[in-house]
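Heads up: the protein sequence lines correspond to chains A and B, in order.
For what it's worth, the working numbering labels the leading residue of the first sequence as 1, then goes sequentially.
For what it's worth, the working numbering labels the leading residue of the second sequence as 1001, then goes sequentially.
Incorrect hints may have been included.
[What the hints assert, rightly or not] Each computed SDA-like pair below joins lysine to any residue, with the alpha-carbon atoms no more than 20 Å apart:
{"#": "1", "chain 1": "A", "residue 1": "K13", "chain 2": "B", "residue 2": "S1186"}
{"#": "2", "chain 1": "A", "residue 1": "K13", "chain 2": "B", "residue 2": "E1155"}
{"#": "3", "chain 1": "A", "residue 1": "K13", "chain 2": "A", "residue 2": "R157"}
{"#": "4", "chain 1": "B", "residue 1": "K1038", "chain 2": "B", "residue 2": "E1174"}
{"#": "5", "chain 1": "A", "residue 1": "K13", "chain 2": "A", "residue 2": "V119"}
{"#": "6", "chain 1": "B", "residue 1": "K1038", "chain 2": "B", "residue 2": "E1155"}
Honestly, the hints are just simulated from the structure, not real lab data.
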Amino acid sequence: MCSAEPDYREPPKIAITGLGVTSAFGRGIQPLLDGVLSGRPAFGRVARFDTDRCRVAVAAEMPGDPVLAVELAAVIDDACDTAGLDPDDRAAAVLLPALHSDPAAARDATARSVNGDAVAELTARTGLAPPARVYATACVAASTAIADAATMIRSGRVGQVIVAAGFLVDADTFGVFDAGRTLARDGQVRPFSAGRQGLLLGDGAAAVVLEPAAAAQRRGAAVLGWLAGWGRAGDAYHVCQPRPDGAGLARAIHAALSRARVDPADIGYVNANGSGTGFADASEAAALHLALGSYTSTTPVSSTKSVHGHALEASALIELVVTVLALRAGALPVNAGFLAPDPACDLDLVLGAAREARPRYGLSLNSAFGGANTAILLAAA
Amino acid sequence: MTTPTAVHSANAGTGSSAGPDGLAVLARARWPADCRDKLPAIAGFVTSSFSPLAAALADLCLSSYFGPPPADPARGDQIAIVLASTTGDIATAAAIASAVDEGRRVPPLLFFQSNHNAVAGYIAARWGLAGPVVCTIPVGDALADAISSAELLIEDAAALAALVIVAEAGRSGETEGTAVLLGPESWPPAIDASVPAIAAPANPGDRSP
């Protein structure tokens, strides 16, 4: 389809030097890593708001009543601290946020944006320079920000970029997803499994520091992983359903691999979008077969949405973090909730328990409404 | 014919004026062009003017360049969509909030328009635009930032061209917007813009896989 073949004169060399994450498993990277490797879902009965009028009453929530700006500021601080950014570095860094709309703004007749005061609060709490924009491309918002960050870094026009994303389950979003009959009535997310019933929402906030390899080396920063490639492509198919043949996502995967000059044989793990939705999972499996060919049968795949839930605008960043952590841990996360094979999803799923492996490359895939697809290729440090 | 206009982007937020060379505004549209203009409805989209506005801007801009939909497949496959709005679809968000606050079930149709990607997907399907889809909430000048987003996509070789839409729709139905088709200077100029700008659209939502 798209013949805009990137100019891959040299594979990119973009370092990931900072990570911060919060999920229903708790604050920090270790609880999330433990959770995705255990395959123990974090879902429970929704405690944050009334679900009496909903078909489903389950989500993956952090305890209490977290505040998004507070959680985002915390993960940004964690990521910046991990990266060893000093105040001057932080002041010069470019912030690319991906945020879900603020329910308070919907109730405030004076609000000038669906994000309300989120950006102002975030910059006030973190001391970062105001961003040019908030990414709002639904479930590929954060991966779109990652790709833009990589493009800016590769052009040499910026140094450190902080991509931050957050979503906390709220009554409005829960209500509209419930009304759309997308939530799993059995209270489990079962990606690529026969009998899957849909997705479940989950809290999540994450931040990642990206920078040129040379900048990381100059600062003496530890490299946690490499952003080796990225690709994005559209389906031109439907308002909210993916192309059944997966051609759009396959083009995004092809672009990510081509950019890095990596063959399908080198991909040792795929963190799939795997929302647990019938047609979307089948479309993603088709995309993997198109993009990886015969290597699909030997490439381990899991969707960690099966344990941490769907964090919407933050999902791609949570899953990027999971993929980096898995490459570092030498263990591949579990595709939880599996009941039985679905012939439409013929994949090498990581089932039952985490799988020991030390792949050089992991691929994080995401798809969204409107036929928006992204593929992020990560390399072990 | 419309002569392409060269682009000199501010690259807002990227700290540089660098951008891809050889880009031009191939077509442009504004809404409303006339105070009597009335937005055509789109089947399946309710309550808010945001999605009809974005779709109307796309139709006005693209039909002036390509004629009736779809776009020429050889180029449509290489066109991204950047949909930007400083306010976002606040009318849909407010309708969902009202239902929740009043203890009503949220109307199911609102799910399908609950994020900006939905109408971007509608436009992509109607016009055959298979490049990336990007939706943003710019903090400053929306059109300048949306063009910067488009330039990043083109610089990244994720697309050769981009339909850039800035749609601002208030809670009370007030609408205003701009669309530009940004692409290579080497692409042909726009056709004579005498086609019906907004024909009654088919509903891509009816296309079941």
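Are any of the numbered hints broken by this structure? If so, which, sorted upward?
Violated hints: 1, 5 and 6; rest satisfied.
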